[in-house]
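J.: Residue numbers (numbering that gives the first Met the number 0), protein chains in the order written: chain A, 0 to 345; chain B, 0 to 259.
No lab work stands behind these hints, which were simulated from the structure alone.
Computed, partial: chain B to chain A, Cβ under 7 angstroms:
{"no.": "1", "residue": "Tyr12"}
{"no.": "2", "residue": "Thr13"}
{"no.": "3", "residue": "Thr71"}
{"no.": "4", "residue": "Lys72"}
{"no.": "5", "residue": "Ala75"}
{"no.": "6", "residue": "Pro85"}
{"no.": "7", "residue": "Gln99"}
If you anchor each label on the Cβ, the simulated ranges turn out as follows:
{"no.": "8", "chain 1": "B", "residue 1": "Gln110", "chain 2": "A", "residue 2": "Asn70", "range": "40 to 50 angstroms"}
{"no.": "9", "chain 1": "B", "residue 1": "Gly20", "chain 2": "A", "residue 2": "Ser179", "range": "52 to 62 angstroms"}
{"no.": "10", "chain 1": "A", "residue 1": "Arg155", "chain 2": "B", "residue 2": "Asp197", "range": "23 to 33 angstroms"}
{"no.": "11", "chain 1": "A", "residue 1": "Leu224", "chain 2": "B", "residue 2": "Gln120", "range": "24 to 34 angstroms"}
{"no.": "12", "chain 1": "A", "residue 1": "Val220", "chain 2": "B", "residue 2": "Ser112", "range": "22 to 32 angstroms"}
{"no.": "13", "chain 1": "A", "residue 1": "Ala149", "chain 2": "B", "residue 2": "Ser68", "range": "24 to 34 angstroms"}
{"no.": "14", "chain 1": "A", "residue 1": "Ala37", "chain 2": "B", "residue 2": "Lys127", "range": "46 to 56 angstroms"}
{"no.": "15", "chain 1": "B", "residue 1": "Val246", "chain 2": "A", "residue 2": "Leu22", "range": "53 to 63 angstroms"}
{"no.": "16", "chain 1": "B", "residue 1": "Pro245", "chain 2": "A", "residue 2": "Leu19", "range": "56 to 66 angstroms"}
{"no.": "17", "chain 1": "B", "residue 1": "Leu171", "chain 2": "A", "residue 2": "Val339", "range": "31 to 41 angstroms"}
{"no.": "18", "chain 1": "B", "residue 1": "Ser112", "chain 2": "A", "residue 2": "Ala44", "range": "53 to 63 angstroms"}
{"no.": "19", "chain 1": "B", "residue 1": "Ser68", "chain 2": "A", "residue 2": "Glu204", "range": "48 to 58 angstroms"}
Glycine included, every Cβ here is placed at the ideal spot set by N, Cα and C.
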Amino acid sequence: MTTVQTQPRPAQPSQRANTLRLLAFPLMAALLLLVMVASTAFGAAEIEPRIVAQSVTQFDDTNTSHLVIRNLRMPRAVTAALVGAALAVAGAVMQGLTRNPLADSGLLGIEAGAALAVMVAVLYLGVNSLSSFALFAFVGAGVSGAAVYAIGSVGRGGPTPIKLTIAGAALGTMLASITSLLAIMHPLSYDQVRFWMAGSVAGREMELIAQGAVYILIGLVLAILLGRQITTLSLGDDIARSLGLNVLWVKLLSALAVVVLAGTSVSLAGPIGFVGLVAPHAVRFFTGPDYRWVIPYGALLGAIFMVVADVVSRVVMRPMELPVGLMTAAIGGPIFIYLVRAKVKR
Amino acid sequence: MNTFLAEKLSLAYTSERIIDGLDLEIPVGQVTALVGPNGCGKSTLLRGLARLLKPQGGSVLLDGAAIHSLPTKQLAREIGILPQSPVAPEGLTVRELVAQGRYPHQHWFQQWSSEDEQALQHALQLTKLQPLAERGVDTLSGGQRQRAWIAMTLAQETNTILLDEPTTFLDLAHQIEVLDLVHNLNQQGKTIILVLHDLNHAARCAHHIVALHNGQVVAQGTPHEVIVPDVVQRVFGVESHIMRNPVTGQPMCLPVKLAG
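Full structure from sequences and hints, please.
T.: Shown next, in the form of structure tokens:
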């Protein structure tokens, strides 16, 4: 037997089950692929798996089933995966940024801002196409995010976690009540946006999805690059600053990533709750609190969760379809309660 | 580092000035204790010295350079500060926390290096935390947790360490443990500045004591020069009896009553 003299490799900053963390990545990626394929096979119309495969290998543009799969179901699976990844990462970044484990684009008023912007656009500007909803949702998310940051920055110590959370919750509630008021005042127009408001990934055009995908990928890359900084920031502003972190820049770039991710996902699918909360918390069980791991794994799990929720929303009351936003809450709620209880027990 | 001083330093949180035009020179290679009553500005001063608070006037000079104009990462290799009662994210292990101390020595895509590992192990050893390295910080006792945070600051490998009330909320044994650690670190050549509540703790571990009242330096010098009845009365408003500590030979303060 020969022994090879090698330099002892320095250990990673954590001895935490690294093999588990490394193994989980291909597993989760495979699972995502699997549920996306499953998503194209299930729907209001029953289509055999053989025909699903054919629609890819031998596409026939006169075959209705092929068209359904290529034009309706595939875009839908892609939208769900993109939106799920975006919401999960937006939630994770916000949790690190505000040091609040319950932070999420819903809690910080970003989704409420997007929803109100769409409502106003429909009622007063006569906007009624999905792609224009996107623009308004994006602007609404950005403006309400900036407003929460500005309100939360007033006074001693700048934008502290508690002030940001309170500002987000207060502004979010206010914006949501204005949206409700408008809905009551204009019941007919509200019908136009009702399905969007409840969250849905159906019927998005490829062009819109491609636009959204670009934004979401930019947001994901930015968040992944900021992972190490966000972990350091999660120790608190003072510690982060004394460790030489440029706190202001990291916060601004992180906030930018959140607005891009949450805004784009709201514009693609309407406000969808619980993904941003559940996915990061679930991955922390095996990644620990380091955002270099939480962010990429959260993205994968968020995508899986969203695709599954979308499939379930189509299947449970077939041929009727439920808005996926209801499904994520119905599945995510109990999971979240379970996660919290499991944490308390440990 | 050769000199560390505050020049006409003014610090404030909002409009109200807490420190106004303060001059102070920190003796290099020694332990300096900042003492004074609640609200006298000792923590504020410490935060100012560590650039966590931007001066409203004057400056803090490290080897003649204003620390607020230095790149924050470069400064983080010179000065480490541990603020009062920090809170770690849930589930973070001791090892992961201490590893964060290496932040100023790392770059965007740099892997964990063998120097990082060495600094981490050294910090764990100095704070006797090796057996607890894989434990969650939130599962530790108060004293262990304080040591874990100090270990993070040590992993930063700075020549100067600032500690804000490191003994507050600890029981007697853990207080002594932290003070002894401060002594050991100083023996290795580190300059230490710490805020302390207890005058006798200050006398035990500091070479230089700075007594503050209303944002002003009332007295500074060796424990024998500062811990005298007149200064204690002016700073704390308490009449006291000063004795000689039979073990260390340092002065010992016995409060008698509030000064009328």
